[in-house]
Amino acid sequence: MRYRLSAAVLAAGVAFPLAAQATDLEVTHWWTSGGEAAAVAELAKAFDATGNKWIDGAIAGSGNTARPVMISRITGGDPMGATQFNHGRQTEELIEAGLMRDVTKVAEEQGWVDIVKPASLLDSCTVDGKIYCVPINIHSWEWLWLSNKAFEDAGVEVPTNWDEFVAAAPALKEAGKVPLAIGGQPWQAGGAFRVLVTGIGGPDLYEKVYGDKDADAAGGPEMAKVFDAVEDMREMSAGSNVQDWNQATNLVITGQAGGQIMGDWAQGEFQIAGQVAGEDYSCLPGLGVNEAISTGGDAFYFPTLDDETESAAQLELASVMLDPKTQVAFNLKKGSLPVRGDVDLEAANDCMRKGLDILARGDIVSSGEQLMNQDSLNQINDLIAEFLATPDMTTEAAQERFVDIVASAK
Amino acid sequence: MTAKIASLPMILTASVVFAGGTVWTFVYSFTDSGLLPRLRFVGLDQYERLWSTRRWLVSIENLFIYGVCMLVFSLVIGFVLAALLDQKIRFENTFRTIFLYPFALSFIVTGLVWQWLLNPDFGIQGVVQGLGWTSFDFDPLYDPDIVIYGILIAALWQSTGLVMCLMLAGLRGIDEDIWKAARVDGIPMWRTYVFIVIPMLRPVLVTALVIIASGIVKVYDLVVAQTSGGPGIASEVPAKYVYDMMFSSQNLGQGFAASTMMLLSVLIVLIPWAYLEFGKKKHG
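Just so you know, the sequences run in chain order A and B.
Just so you know, the first sequence maps onto residues 7 to 416 in my numbering.
Just so you know, the second sequence maps onto residues 645 to 928 in my numbering.
Please note that the accuracy of each hint is not assured.
What the hints assert, rightly or not - In silico DMTMM-like cross-links for lysine to aspartate or glutamate, where the CA-CA straight-line distance does not exceed 25 Å:
no.: 1; chain 1: A; residue 1: K155; chain 2: B; residue 2: D783
no.: 2; chain 1: A; residue 1: K179; chain 2: B; residue 2: D781
no.: 3; chain 1: B; residue 1: K862; chain 2: B; residue 2: E921
no.: 4; chain 1: A; residue 1: K360; chain 2: A; residue 2: D381
no.: 5; chain 1: A; residue 1: K416; chain 2: A; residue 2: E375
no.: 6; chain 1: A; residue 1: K416; chain 2: A; residue 2: D238
no.: 7; chain 1: A; residue 1: K155; chain 2: A; residue 2: D238
no.: 8; chain 1: A; residue 1: K179; chain 2: A; residue 2: D238
no.: 9; chain 1: B; residue 1: K862; chain 2: A; residue 2: D381
no.: 10; chain 1: A; residue 1: K136; chain 2: A; residue 2: E316
no.: 11; chain 1: A; residue 1: K360; chain 2: A; residue 2: E158
no.: 12; chain 1: A; residue 1: K219; chain 2: A; residue 2: E102
no.: 13; chain 1: A; residue 1: K59; chain 2: A; residue 2: D108
no.: 14; chain 1: A; residue 1: K179; chain 2: B; residue 2: D783
no.: 15; chain 1: A; residue 1: K231; chain 2: A; residue 2: D250
no.: 16; chain 1: A; residue 1: K219; chain 2: A; residue 2: E406
no.: 17; chain 1: A; residue 1: K331; chain 2: A; residue 2: D313
no.: 18; chain 1: B; residue 1: K862; chain 2: B; residue 2: D765
no.: 19; chain 1: A; residue 1: K59; chain 2: A; residue 2: E375
no.: 20; chain 1: A; residue 1: K136; chain 2: A; residue 2: E322
no.: 21; chain 1: A; residue 1: K219; chain 2: B; residue 2: E921
no.: 22; chain 1: A; residue 1: K360; chain 2: A; residue 2: E170
no.: 23; chain 1: A; residue 1: K179; chain 2: B; residue 2: D676
no.: 24; chain 1: A; residue 1: K123; chain 2: A; residue 2: D238
no.: 25; chain 1: A; residue 1: K416; chain 2: B; residue 2: D676
no.: 26; chain 1: A; residue 1: K219; chain 2: A; residue 2: D234
no.: 27; chain 1: A; residue 1: K219; chain 2: B; residue 2: D689
no.: 28; chain 1: A; residue 1: K219; chain 2: B; residue 2: D676
no.: 29; chain 1: A; residue 1: K179; chain 2: B; residue 2: E921
no.: 30; chain 1: A; residue 1: K111; chain 2: A; residue 2: D134
no.: 31; chain 1: A; residue 1: K416; chain 2: B; residue 2: D689
no.: 32; chain 1: A; residue 1: K416; chain 2: B; residue 2: E692
To be clear, the hints were calculated from the coordinates, so they are not data collected in a lab.
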């Protein structure tokens, strides 16, 4: 199906648009799991309502698979109409090379500066005072998802923080469950690690290590405590033989695993499975220790196109994406938080409300993608993935290598 | 003269695409190119980082284990299968088809099939445990120490059929009289194979060797489909390192340095061999 879509998309790229009002615009993204696909359909619906046509260019696999495809299409002279990226530093060089379109005009007309909250989201889209992307949602990594059923089966209370969770692990194991599910891909290991840094070490430590690349902090005793928690994670995740994040989430949904550290996009999966927050599953932002969330997320970028009608459609798409109605519809399905502070999320569930409260309190940190470049992040991902898969690797050895990476990070 | 004109496109392709591309990659491996190539030289920095990166060292080790095993096993198994098929057995066509069939599948499909077969929860281990043998333990893909052998199994399953076919063709080309002569001299069959037939198969062996060796260096898709490098980084291979560096980490310089090292290792093996193989003929 996906392949047929991309074939259609390729064909659409060459076909001439029939009328100025009905322009086909290809939009690439990597939202392919059930909850994600439902959310992206909302965007498509909103864009089609403007009289244009959304040509879906979903690229299966995670961002690490999709981004290379998108980048090589942009640099190779076959740009799409719009494309998803995580806001942050992933597109820095593309913007510098003039391959991305500046959408400041729409931003000023609609006053994005006033409506986008927190302001750091728009900052990440801004290079030299010009705005190059539309933030679409806020995704935070700092969530621990727990299966109420798994804890019931094991005969223990659903934990309210990380320490209780670690203490409950033996009981879960005895009940034949994997205490902590984690997919085998390195980005999941690296992401869960950042959550531990914020949750156990605190937001200040996180900003110091990832933001300032402070090697002393990375080698310090507070960080050692985080690595001890990573060791707990290694023991608790033994036996979760899955690769993709949604397979791991599925273990939690079915009660085969106690919990999972994953971003709030996991919530979309719970919703698709018909589970209710608070009853079937629980969520602990910041591991229940340091309740802070990162404000990374997704943004849409608009590659520079030659065709004028398509360029006009790009701007229409940009404005549709920040429309209050689209924001609500999209984010409810996606499980993420809206980028506008002024929309009413009446239908928001228990967990989303927790997130909104934290956001309103301003307990936020920057996302890993905003602070560090992908190269350094991937090095950390590999390190943590290796650590999780190697039972005889010591925390000291891991921390030592972590310090090296942080010291040379950009 | 016309022959030279006719071969001009090939010469151009070879010099511009292959040689030119190689030189370009080599030059840019000394720069700090990120997402886009740029000429800002940093000396040997990329190579220093490469050889101090644990993942690259693991990749090299894996490629070595995989390469040696792959070479030995696919030649041995391929030859044994071919020799067995050559005994004028019944249903030879059927067996040949069965053995060659996996070769029709891409590495991605092969990798997925074996990822499922080797999955401890619903693959071979799960089935055997379900039959009552609960202590049965076979999950190579989730054990960092032996994961590369799990990948090797899939690769052998896929490619021995081709080696077998090549060998069988070679065996069929051996003159019937040689067999008769050997039998008259009372030489046992295994000795005939080892001391007479195999040396005569030399051209076929070289062909098989080149095909297998090129497959070894570029192994990538099988690993991606089976383990995506996991558990941890235990089944990483150099080609995957190059790809991930260039496209996922947005660090072209590092990827170029790694691919230059891959080229270098191929040359180190290839040049002495080519010298022996082609140098000899001139002398005699």
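- Straight-line alpha-carbon gap A/K59 to A/D108, limit 25 Å: Within the cut-off at roughly 22 Å; holds.
- Task: Verify the proposed pairing of A/K416 with B/D689, using a straight-line Cα cut of 25 Å.
- Result: It holds: about 15 Å lies between the C-alpha atoms, which stays within 25 Å.
- Quick one, are A/K416 and B/D676 close enough, alpha carbons at most 25 Å? 12 Å, holds
- 25 Å Cα cutoff - pair A/K111, A/D134: Holds, at roughly 15 Å.
- Item | Pair hint A/K219 and A/D234, alpha-carbon separation not exceeding 25 Å | Answer holds: A/K219 to A/D234 is near 21 Å, not above 25 Å.
- Message: Check the hint pairing A/K59 with A/E375 against an upper bound of 25 Å on the C-alpha distance.
- Response: 31 Å, violated
- Task: Could you grab the alpha-carbon distance between A/K416 and A/E375 and see if it respects the 25 Å cut-off?
- Result: With Cα atoms ~12 Å apart, A/K416 and A/E375 stay inside 25 Å; holds.
- A/K219 and B/D689: Cα distance at most 25 Å? It holds: about 20 Å lies between the C-alpha atoms, which stays within 25 Å.
- Within 25 Å, alpha carbon to alpha carbon, are A/K360 and A/E158? 23 Å, holds
- Message: With the threshold set at 25 Å, check whether the alpha-carbon distance from A/K416 to B/E692 stays at or below it.
- Response: Holds - the C-alpha atoms of B/E692 and A/K416 are around 17 Å apart, at most 25 Å.
- Starting from B/K862, check that the Cα of A/D381 is at most 25 Å away, please. Cα-Cα ~23 Å, so holds.
- Task: Compare the distance between the alpha carbons of A/K136 and A/E322 with 25 Å, and conclude whether the hinted pair is satisfied.
- Result: Status holds; Cα separation ~18 Å.
Going down the numbered hints, you'll see the structure goes against 1, 4, 6, 15, 17, 18, 19, 21, 23, 24, 29, while the others check out.
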